[in-house]
Amino acid sequence: METLKLTTPSDREIAMTRVFDAPRQLVFDAHTKPDLVRQWLLGPPGWSMPVCEMDVWVGGKYRYVWRHDREGTEMGMGGVYREIVAPERIVNTEKFDESWYPGQAVDTLVLVEQRGKTTLTLTVRYESWEARDAVLKSGMESGVAASYDRLAELLASTPARGRA
Amino acid sequence: MQTNRLDATFAALAHPARRAILARLASGRASVTELAEPFAMSQPAISKHLKVLERAGLISRGRDAQRRPRRLEPKPLGEATKWLERYRRLWEGNYQRLDALLEQLKAKEKEWKP
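Chains as they are written, first to last, in numbering that gives the first Met the number 0: chain R, 0 to 163; chain W, 0 to 113.
Next up, chain R with everything else stripped away, as it sits in the complex:
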C-alpha cells in the first residue's frame, strides 16, 4: 500500500505527498468533479458530504459541507480557485465556516505523472502565525499516540545538505 508522507516545509506550511496508481488525468478528475469528490473527501468515519459545489475556473468558488450522519453535526468550508492548470495544478483558498484559526489558508495541489503513476503533493499555507498556532493547538487535543518511528522517517526523508 502507498503511504502518505507529511512534512512541514516552512513554519506556515504543511505538505503531503502520496503516490496513486493511476494516470494524473483521473486524479485531477477526482479533485474537480463533484460526483467524484464526494466519494472520497470525507474525513473521519461517520461523515458524509451532502454539499459539494465546484465552479472549477479561475475566480470560481467551491463549497463543501460535511455531516456527521448519526449526530447531525455539520461542518462547512469553501474558497476560491486561484489557478487551474489541467491536469497538473490547482491553487485555491480555503476557509471553514466556524474556523478554529483566523484568516484563510491557500492550498496548492501539484500532480506529476510517471509511468502511469501519479505523485500528488498538497501544500497548505496558513495566512498567519496565529492561524498556524491555532491549528496546532486544536490538534493537540486529540489523543493519538505519538510515533517516534514515523517522525524519524519523516525527518530522514528531508534533504540533509541544506542551506546554512
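Check before you lean on any hint, since a few could be wrong.
Said to hold, decoys possible - Simulated coverage check for chain R against chain W, where a stretch passes if three residues somewhere in it have a Cβ under 8 Å from a Cβ of chain W: (1) 13 to 21; (2) 39 to 52; (3) 80 to 94.
To be verified - Across the chosen pairs, the derived CB separations fall in these ranges: (4) W/ALA39 x R/ASP106: 33 to 41 Å; (5) W/SER46 x R/VAL57: 44 to 52 Å; (6) R/LYS32 x W/GLU53: 48 to 56 Å; (7) R/PHE95 x W/ARG62: 47 to 55 Å; (8) W/SER41 x R/VAL55: 44 to 52 Å; (9) R/PRO33 x W/LYS109: 40 to 48 Å; (10) W/LEU89 x R/VAL55: 22 to 30 Å; (11) W/ARG96 x R/VAL55: 18 to 26 Å; (12) R/HIS67 x W/GLU53: 24 to 32 Å; (13) W/GLN103 x R/THR118: 14 to 22 Å.
Keep in mind the hints are simulated off the structure, nothing from the lab. These figures come from a predicted structure and were not determined experimentally. The beta carbon of each residue, even a glycine, is placed where N, CA and C say it ideally should be.
Dock chain W against the given chain R, drawing on the hints supplied.
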C-alpha cells in the same frame, strides 16, 4: 498545552539542516564536530542551528565537559508528532478511498476504450 512551545518546535523544524541534525541525533548523541561532519557547513553555522534547537527544547547538552554531546529531547517532538499523526491519519483515510475510486475509474476507462 503550551502553544509557545509548539510554535518554537515548528519554527525549529522549518529548516532542512535542523531536521537533518535531529534525524542524526535520533540515532544517538553527537558532539558539534560530529554533527558538522556530514554537512557542507562551518562550525559557527552548525552552532547557530544548535542554538535554535536548544532554545526550542528539542535538544540538550550532555555532561561530558570536553565533548558536550548534544542529545535529542523527545517531549516537544512527541507533541508535534501527535498533531502531525492526527492530520496524517485523516488524509490517509481520504486517500485510501480515493485509491478505490481510481480503480473504478480505470476499469471504466478500459470498458469504454478497449
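Structure-based check of each hint:
Coverage of the stretch 13 to 21 of chain R by chain W holds. Counting CB-CB distances below 8 Å, 6 residues qualify, and the rule asks for three or more. Coverage of the stretch 39 to 52 of chain R by chain W holds [criterion: at least 3 residues with CB-CB distance below 8 Å; count 6]. Note: the stretch 80 to 94 of chain R has 0 residues with beta-carbon separation from chain W under 8 Å; the three-residue rule is not met and the coverage is violated. Roughly 34 Å separates the CB atoms of W/ALA39 and R/ASP106, a value that falls within the hinted 33 to 41 Å.
Between W/SER46 and R/VAL57 the beta carbon distance is about 47 Å. The supplied range of 44 to 52 Å therefore holds. Range check, R/LYS32 to W/GLU53: Cβ separation about 50 Å, and the 48 to 56 Å hint holds. Against the hinted window of 47 to 55 Å, the Cβ-Cβ separation of R/PHE95 and W/ARG62 comes to about 48 Å, which satisfies the hint. As the Cβ distance of W/SER41 to R/VAL55 is approximately 50 Å, the hint placing it in 44 to 52 Å holds.
For R/PRO33 and W/LYS109, the hinted distance range of 40 to 48 Å is not satisfied, since their beta carbons lie about 24 Å from each other. Between W/LEU89 and R/VAL55 the beta carbons are some 24 Å apart, a value that agrees with the proposed interval 22 to 30 Å. W/ARG96 and R/VAL55 have their C-beta atoms about 20 Å apart, which keeps the hinted 18 to 26 Å range intact. For the pair R/HIS67 and W/GLU53, the supplied restraint of 24 to 32 Å is violated, since their beta-carbon distance comes to about 44 Å.
Look at W/GLN103 against R/THR118: about 21 Å separates their beta carbons, and that is inside 14 to 22 Å.
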